[in-house]
Amino acid sequence: MSRLEARFRALREEGRAALVPFVAAGDPAPEITRRLLPRLVDAGADVIELGVPFSDPMADGPVIQRAGERALAAGMSLSGVLDIVRGFRENDAGTAVVLMGYLNPIAAMGPARFADEAAAAGVDGVIVVDMPPEEGEPLLAALRERGIDPVFLLSPTTSTERMRRIASEGAGFLYYVSLKGITGAGHLDTGAVAEALARVRTVSDLPVGVGFGIADADSARRIAAVADAVVVGSAIVRRVEEALDDPERIPGHVAAFVAELRGAVDAAAAEGSGR
Amino acid sequence: MSEPSSLSNRPSALIGSWPDAAGRFGPFGGRFVAETLMGPIEELAAAYERFSADPAFHAEFRAELRDFVGRPSPLYHARRLSETVGGAQLWLKREDLNHTGAHKVNNTVGQALLATRMGKTRIIAETGAGQHGVAAATVAARLGLECVVYMGEEDVHRQAPNVYRMRLLGAEVRSVTSGTRTLKDALNEAMRDWVTNIDDTYYIIGTVAGPHPYPQMVRDFNSVIGREAREQILDRAGRLPDAVVACVGGGSNAIGMFHAFLDDPEVELYGVEAAGDGLETGRHAAPLSAGRPGVLHGNRTYLMQDGDGQIEGTHSVSAGLDYPGVGPEHAWLKDLGRAVYTSATDAETLAAFERLTRIEGIIPALEPSHALAHAEKLARERSSSDIVIVNLSGRGDKDIPTVAALQGIGDLPG
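First to last, the protein sequences are chains A and B. Heads up, the first sequence is in this note's numbering, so the first residue is 1 and it goes up one at a time. Heads up, the second sequence is in this note's numbering, so the first residue is 276 and it goes up one at a time.
To be clear, the hints were calculated from the coordinates, so they are not data collected in a lab. Incorrect hints may have been included.
Unchecked claim - According to the in silico footprint, chain A covers these stretches of chain B (three or more CB under 8 Å from chain A):
| hint | stretch |
| --- | --- |
| 1 | 299–307 |
| 2 | 400–410 |
| 3 | 458–470 |
| 4 | 648–655 |
Where is the CB? At the ideal position from N, CA and C, for every residue including glycine.
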């Protein structure tokens, strides 16, 4: 059983949703990320989504764009991200780590070599934002061979028929993009998300996470009531930005926010969610 | 002489019949976009397939090209330039004489007609030199559509005349300050706008890049260039040219020119990239000459990238060629060996710019001045019975402040 599967199974038995914080690896420096990751776990993260910086992040809003630019300026690369995961795994065998990024850095490393090194480092899942399943080979086969889950995005524009096809290619969980737009946009419609998730569940038994547009504890609580996982990205990166003048503060400042999100997500469970 | 009416009916097994149903040109092209865009792109592909088979759509497109754009554009025998350079005859396809001053309008007219048929009321575009932005703003005004143009901050400064033109035409020009602040970042920002406003917005990509069906669609709308040129040279010279030369940034004018000649093996095709300060300096915009394949902006193609797959900054005297990628069909033509891709430096380009201006009384844009520079080299190696056609893809009005500054003329506003 993969780490993602095990974690989602355990949470389902507890009636809780997973909390998935996103941080851009290397923002503002690799060393800060190394110290931040265990703090995220202590604050209640079930899965860590680690952003692989790319020079041209077409699906990201300004907050995550800036995070990527800071990381690249600090010398971060795909190999550097894998190094960070390797270091994290030395002290944490249970928390799933999912990489999120764009295809070109992976293509430049080579799909087979990337899958080998990611598996050795302890990566559990990979989201390639600009790689729909139609364009998935040869990377998908390479990931599956090494037991890494390909995690796919679904969006408000995805037809039910297409959801079925994507779900059949995905593993670990499905990631529902809660709005038409880029990361960090601010118009979350919980009712529309609930309807879409009902549609997703007619085509797949995989857990469904929701992300893009979850900005605070309140929206995290509302999404936790209907989804299997709550993904928070830009709002967390904004906490990193708030402490840039004193980077030593970043791990504590971000962890405090993640703990607040954890409380909100678990409050939804306590209220008796519809999951 | 061949019969012009049969020219566009080539058998489907030939090179010119690409892409396949998945939008691939051999290993290049495809559809590498975030899931939110897959639905809209499939909708666009279906609409394009439907309307490109619709005679009424074609008739309207042709009428717009004739009455609004001013087609056909002339094929001009540059006799004084040919004599000065020595060697082959140089002929210029005068896309600079189109309405708005470049070939870009062929595509914006076609896509805007498609947008209105799809019920879209707002169009967006990215632009580098501003020629595509002006062409998009122009058709938006013509058809009563709202228009937003994304332009890198650096280009907003160096192409100021075109920024004014777009604003005069009623478009909103948004300066892009992310990344390298040039064309590639403008394209990223336009994609972000599109994904946020997909219900009412149509994205007019200005070059033969992007996810399928853009490379095919933009090529089809521009392929009128080569069809006309082929017919014109057969009519005027009684035979096909020996070589055809065009500049390549994203590659829309080049593919528009090449396409009618792809299946004429006796016609050599040359694409000329921007070598900037020289390929050896790394300060250039020549992915086909000095890059390697990767994935950017929705397609697999040759890219300027570092060892980690990060896209590298580009340099060229011409904003319109300042792009780290290239249309996937060019990548395929390069690998097939059907077209030869080479480059011209800023210095060679400026010399060709000046020569055409002084000798023929035609001020070319800096982009096709790259093609002129290479065509002059080819001409010198050939005899006066040989014919070389250059796609003069745009006029140089927008570049006058840039050239004046480089030549130290000074005292020009802007």
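Okay, the hints, checked on the actual structure:
Residues of the stretch 299–307 of chain B lying with their CB closer than 8 Å to a CB of chain A number 3, which satisfies the three-residue condition for coverage. Residues of the stretch 400–410 of chain B with a Cβ under 8 Å from some Cβ of chain A number 0, which does not satisfy the need for three, so the listed coverage is violated. Given as covered by chain A, the stretch 458–470 of chain B passes the check, having 6 residues with a CB less than 8 Å from a CB of that chain where 3 are the minimum. Evaluation of the coverage hint for the stretch 648–655 of chain B: breached, as 0 residues show C-beta separations to chain A shorter than 8 Å, against a requirement of three.
The structure does not agree with the numbered hints 2, 4 stated previously, though it agrees with the rest.
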